[in-house]
Amino acid sequence: MTVVGLGALAAVDPSPLFVLSLLPYLVFLRWAAASKRFPPLALRGFQFTLVFVAVTIAAAVVAELRFGQQLADVDRLHGSAEVFLTVANLLVLWGFSRAEPGQEPPDPEASTTGPSGEQVLSTGVEPAVPPEDGASVLDPE
Amino acid sequence: MHALSLPTWWIHVASVLEWMLAMVAVIRWGERRGETEWRWLALAMLPALVSAMAACTWHLFDNPIELQGLVVFQAGTTLLGNVALAAAAWTLLPERSQS
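In order, the protein sequences belong to chains A and B.
The first sequence begins at 1 in the numbering used here and counts up by one.
The second sequence begins at 142 in the numbering used here and counts up by one.
FYI, nobody ran anything at the bench for these hints, they're computed from the structure.
From a predicted model like this one, the values you see are computed outputs, not experimental measurements.
Hints are not guaranteed to be accurate.
[Stated by the list, open to error] Facing chain A, from chain B, some residues (calculated, C-beta under 10 Å): (1) M142; (2) A144; (3) S146; (4) V167; (5) E176; (6) E207; (7) T219.
[To be verified] The calculated lysine to any residue pairs, modelled on SDA-like cross-linking and capped at a C-alpha distance of 25 Å, are: (8) A/K36 with B/A183; (9) A/K36 with B/T177; (10) A/K36 with B/A228; (11) A/K36 with A/T56; (12) A/K36 with B/I168; (13) A/K36 with A/S97; (14) A/K36 with A/L17; (15) A/K36 with B/W231; (16) A/K36 with B/R174; (17) A/K36 with B/P235; (18) A/K36 with A/V87; (19) A/K36 with B/V213; (20) A/K36 with A/Y25; (21) A/K36 with A/L90; (22) A/K36 with B/A227; (23) A/K36 with B/P148; (24) A/K36 with B/G171; (25) A/K36 with A/V51; (26) A/K36 with B/T232; (27) A/K36 with A/L26; (28) A/K36 with B/M161; (29) A/K36 with B/E176; (30) A/K36 with A/L23; (31) A/K36 with B/W181; (32) A/K36 with A/F48; (33) A/K36 with B/E236; (34) A/K36 with A/R98; (35) A/K36 with B/M186; (36) A/K36 with B/V154; (37) A/K36 with B/L187; (38) A/K36 with B/R180; (39) A/K36 with A/Q47; (40) A/K36 with B/D203.
We put the CB at the ideal spot given by N, CA and C, even for glycine.
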């Protein structure tokens, strides 16, 4: 069954699907930015994925024109293009994990009182490191 | 599995691992903030992971034309995943009801 399904799928041209998928992604980026709730670095990562897409398209063209092969079969080009996705995903991962929960000690009850709570969230940019506690550990003096 | 050199394989594996960890990071991020809607974003990241698995499977078999269906499947899950991401971002929009 699944093999038959896969075979039937093979008759479909994937290119329009890939092109079409760009549209909802652009909408995603727009809403993600508009929400102003994403960690800035993570948002950069999601945006940088577009660079990966652009590089991949260019690399695919080069693979076709210069080597007469699909991109996945030209290892150097393939690997070089995929690095951009690795970087993009790393930024997303960093963005979401780096921001510490301690950066907004204002208790949840206070921020749930109204939509103004969103403003507080944007302080995620600055690492609000508590100086007192950390300093005593790190400073030899 | 020799269509891809070892470095190219590592690049692929790294991307996939990062994406999986990012999904976990999104859930944790939401938990830290007490905002459960971030779970939708993590869930919306799942189709892209499936898409990546399909691509890697295709690479594993040296990108054969016989498995072209995998590429189409990858394209479909990419489209689905991006729609899901957009929907998840929509739930994160502040004051949706007004705009």
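Now for the hints, and whether the structure bears them out:
| no. | hint | result |
| --- | --- | --- |
| 1 | M142 | 12 Å, violated |
| 2 | A144 | 6 Å, holds |
| 3 | S146 | 5 Å, holds |
| 4 | V167 | 5 Å, holds |
| 5 | E176 | 8 Å, holds |
| 6 | E207 | 8 Å, holds |
| 7 | T219 | 5 Å, holds |
| 8 | A/K36 with B/A183 | 17 Å, holds |
| 9 | A/K36 with B/T177 | 16 Å, holds |
| 10 | A/K36 with B/A228 | 16 Å, holds |
| 11 | A/K36 with A/T56 | 29 Å, violated |
| 12 | A/K36 with B/I168 | 18 Å, holds |
| 13 | A/K36 with A/S97 | 17 Å, holds |
| 14 | A/K36 with A/L17 | 29 Å, violated |
| 15 | A/K36 with B/W231 | 12 Å, holds |
| 16 | A/K36 with B/R174 | 14 Å, holds |
| 17 | A/K36 with B/P235 | 8 Å, holds |
| 18 | A/K36 with A/V87 | 22 Å, holds |
| 19 | A/K36 with B/V213 | 34 Å, violated |
| 20 | A/K36 with A/Y25 | 17 Å, holds |
| 21 | A/K36 with A/L90 | 20 Å, holds |
| 22 | A/K36 with B/A227 | 15 Å, holds |
| 23 | A/K36 with B/P148 | 37 Å, violated |
| 24 | A/K36 with B/G171 | 14 Å, holds |
| 25 | A/K36 with A/V51 | 22 Å, holds |
| 26 | A/K36 with B/T232 | 12 Å, holds |
| 27 | A/K36 with A/L26 | 16 Å, holds |
| 28 | A/K36 with B/M161 | 23 Å, holds |
| 29 | A/K36 with B/E176 | 14 Å, holds |
| 30 | A/K36 with A/L23 | 21 Å, holds |
| 31 | A/K36 with B/W181 | 17 Å, holds |
| 32 | A/K36 with A/F48 | 17 Å, holds |
| 33 | A/K36 with B/E236 | 12 Å, holds |
| 34 | A/K36 with A/R98 | 17 Å, holds |
| 35 | A/K36 with B/M186 | 19 Å, holds |
| 36 | A/K36 with B/V154 | 31 Å, violated |
| 37 | A/K36 with B/L187 | 23 Å, holds |
| 38 | A/K36 with B/R180 | 17 Å, holds |
| 39 | A/K36 with A/Q47 | 14 Å, holds |
| 40 | A/K36 with B/D203 | 42 Å, violated |
Hints 1, 11, 14, 19, 23, 36, 40, counting from the list given before, are not met by this structure.
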